[in-house]
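Colleague: Listed below, chain by chain, are the residues.
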Amino acid sequence: MKKPINSTFYLLMVPVLLWLLLLIVVPHLDMFFRSFRFENDDGLMVFSLNNYLSFFEDQIYWLTFVQTALYSIGITFLAFVVTFPVAFYLTKVIAKKYSSFMVLLLLIPIWIGELVTIYGWMILLSDNGVINNFLIQIGLIDTPIVMLYTNFSMTIGLLYMSMLFMIIPMMSALESLDDSLIEAASDLGASKWTIFRQIIIPYTTPGIASGGIIVFMLVIGDYVAPNILGGKSSLWFTEQIYNKFLATFNWNEGAAFGFLLLLLSSAIIWLALRITGQKLERVGS
Amino acid sequence: MSNVLEIKNVTKKFGDFTAVDSVNFDVEDGGFFSILGGSGCGKTTLLRMIAGFEQETEGQLFIRGESMKGIPPEKRAVNIVFQNLALFPMMNVEKNVAFGLQRQKRPKLEVQTRVTEMLERVGLIGFEKKNVDDLSGGQRQRVAIARSLVLRPSILLLDEPLGALDRKLREHMKIELKILQKEIGTTFIYITHDQSEALVMSDRVAVMNEGRFEQIDTPKNLYKHPATSFVAGFVGESNEFNIAGYADGILTTEHGCKLRKPGLDFQPGKLFMRPEAIILNPSEDLIDVERIPMKIQAILFDGSNTKISAHIEQGNDKVLISLPQNAEFEQLKEGDNILTGIHHNDLKCYQD
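Protein sequence lines, in the order shown, are assigned to chains L and C.
Position one of the first sequence corresponds to residue 1 (this note's numbering), numbered consecutively onward.
Position one of the second sequence corresponds to residue 1001 (this note's numbering), numbered consecutively onward.
This is chain C alone, in the form it adopts within the complex (with noise of 0.2 Å):
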């Protein structure tokens, strides 16, 4: 498979500010393309060099082959569909989805035909005469989708589209991005701050902070084996500690916390310990398991999502570990003293 998108060492300064930070990475052709990270990373940035909207201040950018100096965005093969999705407001639905195709001058019979299947395919049938203020969030969304996905561009940018949606809405989105995704094939290169919405979309996520990729990688492995503390910190839920200290195979939390964490050859300065990784009452025989006495503080109730708040005996550091909501944990309440234990491997350590 070819790779739609090169970036080569691409910076963008403005002024004395480094908003991007010498990035390299390739996408390939009918991906889905993540790019996760906080406000402020340089995503944004990042998405409109590739837009064509600033022009990067070192660095090569190139599509299927090509180099994209000097080329302004209405000659790229990129379509963009906004954070606020910029539907024309003086436009309805059906004019807003031929805007990009009237363009390029195409024949008014193919214009229709293609517009009426782009619209069937996102679900609008039926909307077409409608104006786009009297629409909803989610059709709002999908007309944005819509009107760039309909020019059957090389490589499709969305920078956050999801923001604006109800909870019970983003999650079915994000579905629905997904499917469409594969049925169209277009690449699609998707920013976000929610590592959810990246993690369940995604064929590979880049993961972005300060300017920099600190790991791309598929979803599971950045989960599995995040490459620096901040992937670890920032991909799903992690318990972040301390450590004071390493010797003979023993972390020293800063609270005063021993574990035992053999075999690592650098001073380790952060552990993380996801909350499902955390086993309640291990049975006798596993191997390779530190075991951890606890004290249940609270249980936080969330549906499939409740948590434990626990102090470690050991030092009094905090704790959260999940709590399946079956019928063997159901006794647990506040103030029980339980152990808990976890696979040296799930203890993930880093130097800062």
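Pulled out of the complex, with its shape left as it was, chain L reads as follows (with noise of 0.2 Å):
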């Protein structure tokens, strides 16, 4: 039964209406008008597509773009690589008074935020940091190798934010498989592989999924660190964006490639729904 509409109701609605106009709509829309402001020969701004035009005239644009896309996706798949023994040991295997303490330490990173895990990392991997260090000490090596600035370093600082995000969906739905659905398969003669493949894998789907989505996205457009671990490759798209916005002030043309960025990633991932049969209500939820 519907509650009836009273000023209860408006009131209510007041504080998300506001979150979702000024947050959300306006920063937008104008974002989204300016993409299509160009300055032509005359000096005036006119509508055009010319923002969106040089992103496929110059190679170098989409290029980056598509090396981008191909390490979000290899970041992601090898963030779910990592996660799932993880997540499948404090689910399955450990005590639940112990795994919550131990989810609580894992995100411990979450909490102090990238920007200085990232520095975390710089000290790890730097050539006279932690690592490099160690192994001239116990005489592994001479010289230092050469981690930081490159796309190794850049990989590892993304991988490592991505398994935090990746954690949570892959326990949850973890969680939900009841354990007596591998007894049932065992029990019926499967191997321990013929479950994970033919049971977890195809019941954890929807929840790798929402899980991947998430990461896939937070890569894709992170900039802090393929910026501060990168080389000066300049591997990463948003980079591009930044450019556009900060060294040569052309905000129209920043704001388009932002729109691309977004309407470019979506479609990847609605090309990976489709390849692996999922629907997004099941994998939104």
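Hints are computed from structural coordinates only; laboratory data are not their basis.
Each residue gets a CB set at the ideal place from its N, CA and C atoms; glycine is no exception.
Hints may contain errors.
[As the list claims (entries may be wrong)] To give an idea of the chain C side of the interface with chain L (calculated C-beta under 7 Å), a few residues: (1) 1025; (2) 1053; (3) 1073; (4) 1074; (5) 1103.
Taking the hints as your guide, dock the two standalone chains into a single complex.
Modeller: Shown next as structure tokens:
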């Protein structure tokens, strides 16, 4: 039975509307209109698709995007591979009273924040950082291995953040998997590998997919990790957007690139969902 | 007939707690064997040991003469129907039932044939492509049974499978399961807390209490000749009395009722009387019958299960008496004094 609409209803709607309007609708609309503004040869601002077209015309832009997308997909997959055993252990192997505490420990880096965590990685990976010093001390190497400011360090930084956002949806999906399903499969003759492939993975796929979407979006749109930990090669598309806004002050083009990032990454996710046969409603819940 | 299962001195301890305490029994091939007991008596633990999900702390388990020590569930010729059925939600009916056969790497045609055959047997033809979440409780039940039986196991274990069903369906399934077992011939080992299920379906029943078997017998013997007071109280309905004393062949209940029960060679602590064993208005010429005057407090109507709640005049003990719904006793009503009788043999006495 629906509650009658009264003044309380409208009162409660106000914060929601303010949030949506001021923080989401207005800024997006502003950027959206900006993206179509272009300075023509006469110096006037006109409506144009040129900002969008320049993405496709200049090779460096869409090549960078493709690289970013491929890396992001790879990192998402790696995040799954690394997180799954941990999630499985925390939900199916150890007792509940320990697992909540351990999850809390694992999530500490989120509270610390991305930037400080990245500084931590710099300390670990730099040429006279913790890892190199340790390897030299125990005599394994003579000169430091270059790890920082490479694609490797950038990947590590992104992967580290991804794992944190992947573990919760994975654990939630695994927790809902009743142990009796695993026992039943075992009773019917399934080996551990078969159980993994035919029972656990299909059952947890919606959870994996929803975690994967979050991770993919976070990684492809991340600026801090690629910028600080990555090398000079400027692999990440977000840097292009940054440059448009803060180096060349071409906000219009920057806006267009921003929307392109949003559209193209959404398209990739849509495609991935179609390929794996998932429906957005099931994954989104 | 050979034994398909032999349990020898099997004990299971979880830390200090003994769930199963030195249990011994054999199950004959092709029979319907039930383990009956209340919550926490150890029956589920015992079942899981037979299936291979738990390892016994002590003792030995043999299936068809082979020791099952160290053999995991997937390698035993035993299949289990779980209490919550554990149907695979990501597969349809057909795939669920075919799962075990596919693990055995059977050729596609054989799998198809056997699945269809089994679905026909449990009455689920036409349901092959249905999602298991779309089925009713009874239908899901039958899928779970089909999934296990299609593998032709030596033993089918059933863990309280009828608990989630409504009464009418449960009654129907009891008969179906019994017939199914007879038709297919697989040994069924059925665990339940519902003594009616155990009695109706089984060839033999083991009554379990606190990790031990109190009695293993046919349903009829368990009912008519319970070996311990636990069995007497658990199987079927009984009026239970504490005995204060026994001298010169006369029992005295704690409330003061005196009953003759000659020939006991021990000091009884408990007395059991079945509601249907109490005779209303016994005729004069019945011998070996103890006559007990009672007063009717209430008539509890429940169709054929109607009972009289009465007080024994001497001592005021409360008693339930079965009241047959025929014309003979139509006139009985609350407040009436009646004379009842009970055969001496139906006064079951135990030490504790």
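Colleague: Work down the list of hints and note, for each, if the structure agrees.
Modeller: Against the structure, the hints come out as follows:
The beta carbon of residue 1025 of chain C comes no nearer than 22 Å to any beta carbon in chain L, farther than 7 Å, and the hint placing it at the interface is violated. About 6 Å separates the beta-carbon of residue 1053 of chain C from the nearest beta-carbon of chain L, less than 7 Å, and the hint is met. Checking residue 1073 of chain C against chain L: minimum C-beta separation of about 5 Å stays under 7 Å; hint holds. Interface hint status for residue 1074 of chain C: upheld, as the beta-carbon distance to the closest one in chain L is roughly 5 Å, under 7 Å.
Interface hint at residue 1103 of chain C: satisfied, since its Cβ lies 3 Å from the closest Cβ of chain L, which is below the 7 Å cut-off.
Hint compliance for this structure: hint 1 is the single one not met.
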